[in-house]
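Starting from the known structure of chain A, fit chain B onto it as the hints suggest.
Top to bottom, those sequences are chains A and B.
Under the working numbering, residues 1 to 155 are what the first sequence spells out, in order.
Under the working numbering, residues 1 to 155 are what the second sequence spells out, in order.
No lab work stands behind these hints, which were simulated from the structure alone.
Treat the hints loosely; a few may be bogus.
What the hints assert, rightly or not - Covered stretches of chain B (in silico footprint by chain A; criterion: 3 or more residues with CB under 8 Å from a CB of chain A, positions within the stretch not fixed):
1) 7 to 21
2) 28 to 37
3) 117 to 127
4) 141 to 155
What the hints assert, rightly or not - Some chain B residues well away from chain A (every beta-carbon gap over 10 Å; in silico):
5) G25
6) N46
7) N67
8) S68
9) I69
10) Q74
11) S76
12) G77
13) V79
14) D99
15) G101
16) D102
17) S136
18) K137
Claimed, not checked - Here are the in silico distance ranges between beta carbons for each label pair:
19) E149/A - P150/B: 40 to 50 Å
20) K147/B - D102/A: 45 to 55 Å
21) N128/B - I139/A: 38 to 48 Å
22) K35/B - P119/A: 13 to 23 Å
23) I8/A - G101/B: 22 to 32 Å
24) G121/A - G121/B: 45 to 55 Å
25) G14/B - D148/A: 19 to 29 Å
26) G121/A - G14/B: 12 to 22 Å
All figures in this text were calculated on a predicted structure; none of them were measured in a lab.
For glycine and all other residues, C-beta sits at the position ideal for the given N, C-alpha and C.
There are 2 protein chains.
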Amino acid sequence: MFKKRNNIKEIEEGKYLEPKFDKNGLIPVITTDNKTGDILMHGYMNDEAFIKTIETKEAHYWSRSRNSIWHKGQTSGFVQIVKEIRIDDDQDSVWLSVDIGDGASCHVGYRSCFYRSVPLGKIKNAKNIKIKFKESKKIFDPKKVYKDEPNPTKI
Amino acid sequence: MFKKRNNIKEIEEGKYLEPKFDKNGLIPVITTDNKTGDILMHGYMNDEAFIKTIETKEAHYWSRSRNSIWHKGQTSGFVQIVKEIRIDDDQDSVWLSVDIGDGASCHVGYRSCFYRSVPLGKIKNAKNIKIKFKESKKIFDPKKVYKDEPNPTKI
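Same shape as in the complex, but just chain A (with noise of 0.2 Å):
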């Protein structure tokens, strides 16, 4: 579908598109708020949902737990309007910057999926690392948004 990737400098610093993707079609996908410039999610798209994306300006995944095209914000009604794509050196990965307005990109109801921090320094039992809260309100109610909807979070 893309550019066929067949010499490294060109991948590097050529002016072409050349995404690769994984032995499952995948590439992972940073997605960060246009405004505040945080992380607010971590995903994959096949190369359907990065033409998606590109052409309608509108974030498209691909749903590792539900195998399909996802547009997101279809249930949740937080779609992402992209501002930027940027690729990386080699094109194994895709950065987005959204604007999300005052929604929410994280299926448990906080703004961003990156909610809790790890703390730093010495471990004494790697079993027993507390995590701490950064964010305290969920935007949304999962519950009310998403009803019988499986959970996304396997463990």
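Okay, now just chain B, sitting in the frame of chain A:
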């Protein structure tokens, strides 16, 4: 090594670090510049790299090209001082906020690995999408720094 994952509510809203490593034993890591908020790189850690990062407060990754622990900056001198670590809702990805001073994080020489932007809008031919450079100045000369080391970028 870490606390065992056995309860979704605990994983999402509990207070223990219970990271999920994929079948290769890796977890994706997003690294941002703590001053500008820009994404510097996207990498991976195994459990040992994660522990070392927490304890030393210097970013350690798993190098998939060299198949070994990678203390970022060992060759280039551009060590990443970790200011904060966040974990996401289902604990399968990590956000490192780091201080790299005036340094660089990209092996091509740029400050960020995400130095090119993908244009938005209707695609005429996906094999011919031109990307734009957003950084113009290399912080270092990779040939001088890495000498004969193999390029981590693979086709």
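Each hint tested on the structure:
no., hint, verdict
1, 7 to 21, "holds (count 8)"
2, 28 to 37, "holds (count 5)"
3, 117 to 127, "holds (count 9)"
4, 141 to 155, "holds (count 5)"
5, G25, "holds, 15 Å"
6, N46, "holds, 13 Å"
7, N67, "holds, 16 Å"
8, S68, "holds, 18 Å"
9, I69, "holds, 16 Å"
10, Q74, "holds, 19 Å"
11, S76, "holds, 14 Å"
12, G77, "holds, 19 Å"
13, V79, "holds, 15 Å"
14, D99, "holds, 13 Å"
15, G101, "holds, 18 Å"
16, D102, "holds, 19 Å"
17, S136, "holds, 12 Å"
18, K137, "holds, 14 Å"
19, E149/A - P150/B: 40 to 50 Å, "holds, 46 Å"
20, K147/B - D102/A: 45 to 55 Å, "holds, 51 Å"
21, N128/B - I139/A: 38 to 48 Å, "holds, 40 Å"
22, K35/B - P119/A: 13 to 23 Å, "holds, 22 Å"
23, I8/A - G101/B: 22 to 32 Å, "holds, 29 Å"
24, G121/A - G121/B: 45 to 55 Å, "holds, 47 Å"
25, G14/B - D148/A: 19 to 29 Å, "holds, 23 Å"
26, G121/A - G14/B: 12 to 22 Å, "holds, 21 Å"
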